[in-house]
Structure formats: structure tokens, C-alpha cells
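Enquirer: Heads up: the protein sequence lines correspond to chains A and B, in order. Under this note's numbering, the first residue of the first sequence is numbered 1, with each subsequent residue one higher. Under this note's numbering, the first residue of the second sequence is numbered 160, with each subsequent residue one higher.
Among the clues, some could well be false.
[Stated by the list, open to error] Chain B side only, calculated, beta carbon under 7 Å to chain A, not exhaustive:
| hint | residue |
| --- | --- |
| 1 | Gly191 |
| 2 | Cys200 |
| 3 | Met224 |
| 4 | Gly227 |
| 5 | Ser228 |
| 6 | Ala234 |
| 7 | Ala237 |
Because the hints were derived from the structure by calculation, they are not lab data. In this text the structure is predicted, and so the values were computed from the model without any measurement. Every residue, glycine too, gets a C-beta built ideally from N, C-alpha and C.
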Amino acid sequence: MSVELFRIDDRLIHGQVVVGWGQPLGVGFIVLVDDEVRASDWEQELYRMGVPPSVAVVFASVAEATAQLPAWQADGRKGIVLTGDIDGMAALCAGVDGAIRAVNLGGIHFREGRREKLRYVYLTDEEAAKLRALAGAGVEITAQDVPTGRRVPLAELLA
Amino acid sequence: MSEPLTGVVLAHAGLAGALIAAVEEIAGAGHGLVAVSNLGCDRAAIVAHLEAAIAGRPAVVFADMPGGSCAFGAAAFAREHPDVGVVTGVNLAMLVDFVFHRSLGPAEAATRAVATGRAAVTPVGCMGAGAAR
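Let the sequences and hints guide you as you build the complete structure.
Expert: Here's what the structure looks like:
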């Protein structure tokens, strides 16, 4: 499988993704699955600026990502697939029917109504329930901001 | 005379505050710089912090890494605020120079900061290290 990391990160493409994960994994492509960015030329241009020329960037809607995932997984290069929120990743997982076995929580930051689980993960009760449902469907969910950080299993996160 | 520019240093963790403390050490108080950290922030929160720090004034945002969340937040903010310039790759030299050129317009100040910051990144001593011993 050439998609090395499925990650939820509300900062989308940024230093932790490109440098923190991208360099040690040796990625050749990053897919940003976000309907809003997919529809915005200027945001795509912005996020391309954050990625070195040696790494391909793909912007996809959830529907496009669902259709393209088998091709990305068969790609000879290593890749990262990112969504900006839990709903996006849950929709992608549901659309590809078991093809995503593990999801990394990389950054879900503070908003009104969320409670702190980790320094970089804040969740509402509803979001926690969505993650439990994903785990119940067989997806391993762990939180880890950078590769040198500790992987925190969902059960510990929500305890 | 128009209002002097506000400078916002927007960076990871505690870098912005540390840079401004260093500016103050060199140039004294009254520097017009404000620190914003991206700690715990998604892009919307970064933009909200910029709104609060700039408060409608003309400004230059000095972000740290090009391609980082600070730069993206600053670019999103500036898109809606034509009186705000954005520079990435902030360093101490460009901030110290900015403090003394706050009467410029935001675009001119941003261009100047890029030139000053680039000029400050230079090898020192290593070329003639052998000869100096």
C-alpha cells in the first residue's frame, strides 16, 4: 500500500505534514481531501507553496477521493491522504468500504464546545462518538502529531 | 501623517514573543510589534488572532515558515485586508529594520523587510576559517 498515512489535521498542509511526516516517510505525493479547497483556486495555489517541487499535491473532493483511492494505493510512490475534519475522513472511510485500516489524528484544535484530550486534539462529545463509530467499523485510530511523538490509542484518548 | 504600521510576528510556539523581546533589547520599547502564536490554533483561530492584534490598522504580518500554518493564516487574512502585507521567513534583522520604517506603506514595508531579511542571511567566517588560525 503506497498511502502511508491517513491523517485528520485542521491545519491541512503545513510544516508537520510536509516536513515532520513527509521527510521521514519519503513521500512523493500528498492528497488534500477537502471540498472547500477543491473549489478554491487561490487556496490550492497557497497550499502548493508549502510543498517542495519533488512532492506532487492533489486536491480532491470527498467523492473524487473515494473514486481515486485505489489508484493512489497502487501508486509506486508513498503518499499521505489528509482531511481537515472527522466528517471528511469518516465519509472517505465509508466510501471506500474497509480500504482504510488506520487513521492518524494529527490536529483537531480548540473550538467552542470542544474539550481538550491532548495538546493538539480537542473534541466535542459528538466528534468523540464519530471516532468511536469509526473504530467500531475496524479502523485503528491513534493520535500522534509528529513521528517522534507518542502514538495515543483512541481508547486512552477518550478515557 | 498616516498611522505608523503595526507589525505582527506570527510564529510557532513561543518564537514570536522571543523575537520581539530581542527587538526590544536592541531597539528599545515603542517598536509597534505584537506577538501571535499559532499554538493550539487552526486557520480560523489564527485569522481571529490576527483580527484582534491588527484591529483594522495598516500592518505587516511577519510569519515564520513559508508553507506553514502561520503563513497560510496570514495569507488568508491579507486576502480580505488590502492594508496588510505579509512576509514569510521572519528574522531579527528584518524586524529591527522594520521598527525604524513604520511610516512606509504595508507593501513597501514588506518588500523592504524581504530585502533586509535576505541580506542578513549570509555565511560568516567559514570561508577564511583556515587562514584565520
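Enquirer: The structure should be examined with respect to each hint, and the outcome stated for every one.
Expert: Structure-based check of all given hints:
Taking 7 Å as the C-beta cut-off, the interface hint given for Gly191 (chain B) is violated, the closest approach to chain A being about 27 Å. Because the smallest distance between the Cβ of Cys200 (chain B) and any Cβ of chain A comes to about 6 Å, under 7 Å, the interface hint for this residue holds. A distance limit of 7 Å between C-beta atoms decides the matter here; for Met224 (chain B) the minimum to chain A is near 5 Å, and the interface restraint holds. The interface hint given for Gly227 (chain B) is met, as the beta carbon of that residue sits about 4 Å from the closest beta carbon of chain A, less than 7 Å.
Checking Ser228 (chain B) against chain A by beta carbon gives a least distance of about 4 Å; that is within 7 Å, so the hint holds. Taken as an interface hint, Ala234 (chain B) checks out: its beta carbon lies about 5 Å from the nearest beta carbon of chain A, inside 7 Å. Nearest Cβ of chain A to the Cβ of Ala237 (chain B): about 11 Å, over the 7 Å cut. The hint is violated.
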